[in-house]
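**Q** So the sequences go chain by chain: A and B. So in the numbering used here, the last spot in the first sequence is 377, and the numbers never skip. So in the numbering used here, the last spot in the second sequence is 377, and the numbers never skip.
FYI, nobody ran anything at the bench for these hints, they're computed from the structure. All C-beta atoms in this analysis are idealised placements derived from N, C-alpha and C, irrespective of residue type, glycine included. Misleading hints may appear alongside valid ones.
Cross-link-like lysine-lysine pairs, in silico, DSS-like; alpha carbons within 25 Å at most [unchecked claim]:
(1) A:LYS250 x B:LYS244
(2) A:LYS154 x A:LYS295
(3) B:LYS244 x A:LYS41
(4) B:LYS271 x B:LYS2
(5) B:LYS19 x A:LYS135
(6) B:LYS41 x A:LYS257
(7) A:LYS19 x B:LYS135
(8) A:LYS103 x B:LYS103
(9) B:LYS271 x A:LYS2
(10) A:LYS295 x A:LYS2
Among chain B residues calculated to face chain A with C-beta under 10 Å, some are [said to hold, decoys possible]:
(11) ALA45
(12) ALA57
(13) ALA99
(14) ASP115
(15) SER129
(16) GLY222
(17) ALA233
(18) ASP236
(19) ILE238
(20) ALA255
(21) THR369
If we take Cβ atoms under 8 Å as the criterion, some of the chain B residues that face chain A in the derived model are [to be verified]:
(22) LYS55
(23) ASN73
(24) ALA75
(25) LEU98
(26) GLY225
(27) SER235
(28) THR237
Protein chains: 2
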Amino acid sequence: MKIQIKGIGITKFGELWDKSLLDLALEASTAAIADSGLDRKNIDAVFVGNMLIGKIAGQDHLGPVVTSSLGLNCASFKVEGACASGSLAVHLGIQGILAGTYKNVLVVGAEKMSDASTSQITWGLMGASSSKERKAGLTFPGLYALMAQAHMQKYGTTREEQAEVSVKNHYHASLNELAQYPFEISVEKVLNSSSISYPITLFDSSPITDGAAAVVISADDGSKGVYITGSAAASDTIDLAERKSLTELKATQIAGKKAMEQAGISIKDIKAAEVHDCFTIAEILAMEDLGFCPKGMGGKFIKSKATRLGGRCPVNTSGGLKACGHPVGATGVKQIIEITQQLRGKAGKRQVSGANIGLTQNVGGTGATVVVHVLQN
Amino acid sequence: MKIQIKGIGITKFGELWDKSLLDLALEASTAAIADSGLDRKNIDAVFVGNMLIGKIAGQDHLGPVVTSSLGLNCASFKVEGACASGSLAVHLGIQGILAGTYKNVLVVGAEKMSDASTSQITWGLMGASSSKERKAGLTFPGLYALMAQAHMQKYGTTREEQAEVSVKNHYHASLNELAQYPFEISVEKVLNSSSISYPITLFDSSPITDGAAAVVISADDGSKGVYITGSAAASDTIDLAERKSLTELKATQIAGKKAMEQAGISIKDIKAAEVHDCFTIAEILAMEDLGFCPKGMGGKFIKSKATRLGGRCPVNTSGGLKACGHPVGATGVKQIIEITQQLRGKAGKRQVSGANIGLTQNVGGTGATVVVHVLQN
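Build the full structure now, drawing on both the sequences and the hints.
**A** Here's what the structure looks like:
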C-alpha cells in the first residue's frame, strides 16, 4: 500500500484555556489543508478521532461538527478507540482511499481535557477499561503499575531504567516548541516525584492535555513525498486480568508485524519512531513488542541511549505523550505528523539524520487496541 | 461496487431489562456469524456502531470489548455519528473490504437505553445536536417540530398525513415479532395522543429502545445472494438554524444520489426501502429528498398507500424506528437486515413480492449526517 501524506497541521499542546475543541480541530485542519496545497473543496471525507468530549461537554456527532465548520458537505465520521482513536481514524481514512471511494481525506484528532474536573476526566478515561476494572477501583496508573511490577519481577527492570524513558522524552520535548513541557528533568526528579501507584510516579505519567493534530492523506500520485506504507490494527482483551501475560502487549506484536510486512521492511530499517509512552513502562513494552530489542531487555535498551536523539533509532523525538503531551484523540495523529516532519527533514533541532523510514505505535487502554503505521520517503 | 451480505443477526427490540449492551451485541454478532456459515476466526475486522453507552454507563472502547468477547484479536473500531452510527459503521466496513485489507467484516450496531434515566437519555441524545441548540433548550422533538411546521406552512402538509406514517409503520410492525410495538394504531390515536412539541405528538415519535443488529459482509465471491451495490454518506450543518431550508435534508439528497449512481439504478427501481422515521415528518422528508415523490408531496404520497405493504414501494416494512423501535446505534444495521430479508424472500408476513432492489436511509441528528445504502440480489 502507498498513501501520500499531503499535508500536516498541529496546534500547541498544553492547557489551552482560551480555545474550544472545535477551535483546536479547525486550527489543525486548516493548517493541514493549507500545507497540502489542495482547495478544501477537494477534501471528500473527514475522519475525526476523539474520545472524551461527549462525556465532558455533551458534544457527540463530531464528524459533521468539524466538516460543516469547514464549509463542506462530504462524508464525515467519528472514530473512537480510547487513546488510539487518532490512529484508528487514520487507518480508516486510508481504507476509504485504497477502496477508491475517497481521493483526499482529512483526518483530525482532537481533545479538550483541561476544562474538565478531575472526576470527569477519571470517569471519562476509565471508559477505555472494563466495567470490572472500574468496579475494582483500578485507574490507568494502577493498571500500568501492575504491568510495571510484573516486568520488574520477571526481568529485573529497574526504576532507574523506567525513569530514563521520561528523562529522554523531556530532553526531546525541550527541542519542541509545541510541547506541553519543553524542559529537561533528571532521573532523580522522576524517582523522587509523588508516587501515583507503585512503582509509577508523577513523572512516569503522561499529563492531561488540550490539542489537535490533522493530516491530509491522498491516493498515490507518483510525486515525491512522505508515504504511509503500512497500517495495521489489532485487539486484545479489555480486562488485563484475562491476559496470559502482563509483560507483553499481544496487540502490539500483531499490529507491528502486519504493518511492517505491508511495508516490506523490518524493524532494523526504522530510523525514527513515535510510540505510546502513557507511562514509562509502556515505552519499554513497546520497544520489546515491536522487536527493537529482545523481550525483557527494554529497560536496558533505553538506558543504552539507542533511542535518544543521536542514537541508533531515536524514539519519541516529539517528546512523546509524557512531555509533548497526551490529548487523547490527537495523539495517534501527532505521532504521524512527527514522523512526517522527520522524513521531510523538517524536524529542526530534533532532526534525525538520514531518517527515511519511520514507525508509529498508538495504544488504546492497556493494549486492547494497538495501531501501528509505517511511513517512508 | 459489490459487497456480499453473508450473514445477518438481530435481537428482539424493546425494553430488555435482563440484558446488557454486550449481551445484545454478542447475541446479534454470533447469530450473524452463524448465518454467514463462516468460522469466526475468518472475521478479520469488527466495526461497532454505538452512540450512548459511554455517556450512560461509562463504557467506551467498544471495539475490543466486543471483539475480545468473541475470542478474536483482529482489528476493531467504534464508529459514532449519532443515530446514523450503525450505517456509518457498515459504510466503513465496506471500505476496508474494497481496499483489500479485510475479507470478512462483522458490523454490529447496539444500544442499551432503557436502563438510563430520562435526563441521561436527553443529555445523551442531545449530543447529536449543537451546543447552541442545547443551550436554547431545544430537544429533538422540538427541532423536528420546527421542520414539520415549516413543511405544513409551505406545502400544506396535514397532521393526518403525518399520522399516516405512524399508522402504516405500526401496521408493518404488527407483522414483525421482533418489533417493540407489534400492534396497529389509528390516525385518531396519533392525533389525540399527548403533545410533545407542536405538531409532534407521542405517536409521531420513535421510542427509547434496547437492541442490537449485526451483519457479516464480505468481498464478492461470485455466489448468489444479497449484495450492497451502493453506499454513500454526506454531511450538513449541525445547527438547523444555519440551513437555507427547513423543509429538506440536503445530506439525504447528496447521499441518495451518490448511492444510486454507484449501484447504477434509479429511484424507480427500488422495491422496498427502510428510511429514518424518528418522527413522522422525517419519513415525509425522506420520501421527497430521495426522489420517491416531488418536494412537498411526501404527505400525499404516504396517504396514497404507495408505501404501505401491497403498495408500489413499501417503506419501513420492519415497522421503522417508530414501531420496530430505535436503539440508536443499531438502527442503521437493522435497516440493512430488513432489506436483506426482503431480498432473500424471507420476510414472512411482511414479504414484498418481487423485491430485488432495496434502499436504506439513516439520519444522524436533524440531518447533519445521512447514509444511504442500495442492496440488490
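**Q** Indicate, hint by hint, whether the structure satisfies it.
**A** Here's how the hints hold up against the structure:
Proposed proximity of LYS250 (chain A) and LYS244 (chain B) is contradicted: the alpha carbons are some 51 Å apart, above 25 Å. Using a Cα cut-off of 25 Å, the hinted pair LYS154 (chain A) and LYS295 (chain A) holds, with the two alpha carbons roughly 11 Å apart. Of the supplied pair hints, the one linking LYS244 (chain B) and LYS41 (chain A) holds, its CA atoms being roughly 19 Å apart against a limit of 25 Å. Proposed proximity of LYS271 (chain B) and LYS2 (chain B) is supported: the alpha carbons are some 19 Å apart, at most 25 Å.
As the CA atoms of LYS19 (chain B) and LYS135 (chain A) are separated by approximately 19 Å, the hinted pair is consistent with the 25 Å bound. The straight-line distance between the Cα atoms of LYS41 (chain B) and LYS257 (chain A) is roughly 19 Å, inside the 25 Å bound, and the hint therefore holds. For a cut-off of 25 Å, the pair hint linking LYS19 (chain A) to LYS135 (chain B) stands: about 19 Å separates their Cα positions. Restraint check for LYS103 (chain A) and LYS103 (chain B): the C-alpha separation of about 22 Å stays at or below 25 Å, so the hint holds.
Restraint check for LYS271 (chain B) and LYS2 (chain A): not satisfied, since their Cα atoms lie roughly 41 Å apart, outside the 25 Å limit. Distance check on the hinted pair: LYS295 (chain A) and LYS2 (chain A) sit about 31 Å apart at the alpha-carbon level, beyond 25 Å; violated. Given hint, ALA45 (chain B) at the interface with chain A, holds; its Cβ is 8 Å from that chain's nearest Cβ, closer than 10 Å. The closest approach between the C-beta of ALA57 (chain B) and any C-beta of chain A is roughly 8 Å, which is under the 10 Å cut-off, so the hint is satisfied.
Against a cut-off of 10 Å between C-beta atoms, the interface hint on ALA99 (chain B) holds, since the closest Cβ of chain A lies about 3 Å away. Below 10 Å, beta-carbon pairs count as interface contacts, and ASP115 (chain B) has none with chain A, the closest being about 13 Å; its hint is therefore violated. The beta carbon of SER129 (chain B) is positioned within 10 Å of a beta carbon in chain A (closest approach about 8 Å), and the interface hint is therefore held. A distance limit of 10 Å between C-beta atoms decides the matter here; for GLY222 (chain B) the minimum to chain A is near 19 Å, and the interface restraint is violated.
Against a cut-off of 10 Å between C-beta atoms, the interface hint on ALA233 (chain B) holds, since the closest Cβ of chain A lies about 4 Å away. Evaluation of the ASP236 (chain B) hint against chain A yields a held restraint, the C-beta minimum of about 6 Å falling below 10 Å. For ILE238 (chain B), the suggested interface contact is upheld, since its CB lies about 5 Å from the closest CB of chain A, less than 10 Å. Annotation: ALA255 (chain B) was flagged as interfacial toward chain A, and the flag holds, the nearest CB pair being 8 Å apart, inside 10 Å.
At a threshold of 10 Å, the smallest CB-CB gap from THR369 (chain B) to chain A is about 5 Å, leaving the interface hint in force. For LYS55 (chain B), the suggested interface contact is upheld, since its CB lies about 6 Å from the closest CB of chain A, less than 8 Å. The restraint placing ASN73 (chain B) at the interface with chain A holds, with a minimum CB-CB distance near 5 Å, inside the 8 Å limit. Interface restraint check for ALA75 (chain B): the shortest CB-CB distance to chain A comes to about 4 Å, inside 8 Å, so the restraint holds.
A cut of 8 Å between beta carbons decides the hint on LEU98 (chain B): the least distance to chain A is about 3 Å, and the hint holds. The closest approach between the C-beta of GLY225 (chain B) and any C-beta of chain A is roughly 21 Å, which is over the 8 Å cut-off, so the hint fails. Taking 8 Å as the C-beta cut-off, the interface hint given for SER235 (chain B) holds, the closest approach to chain A being about 4 Å. Contact between THR237 (chain B) and chain A, as hinted, is supported at the beta carbon level, the nearest pair being about 4 Å apart and thus within 8 Å.
Hints 1, 9, 10, 14, 16 and 26, counting from the list given before, are not met by this structure.
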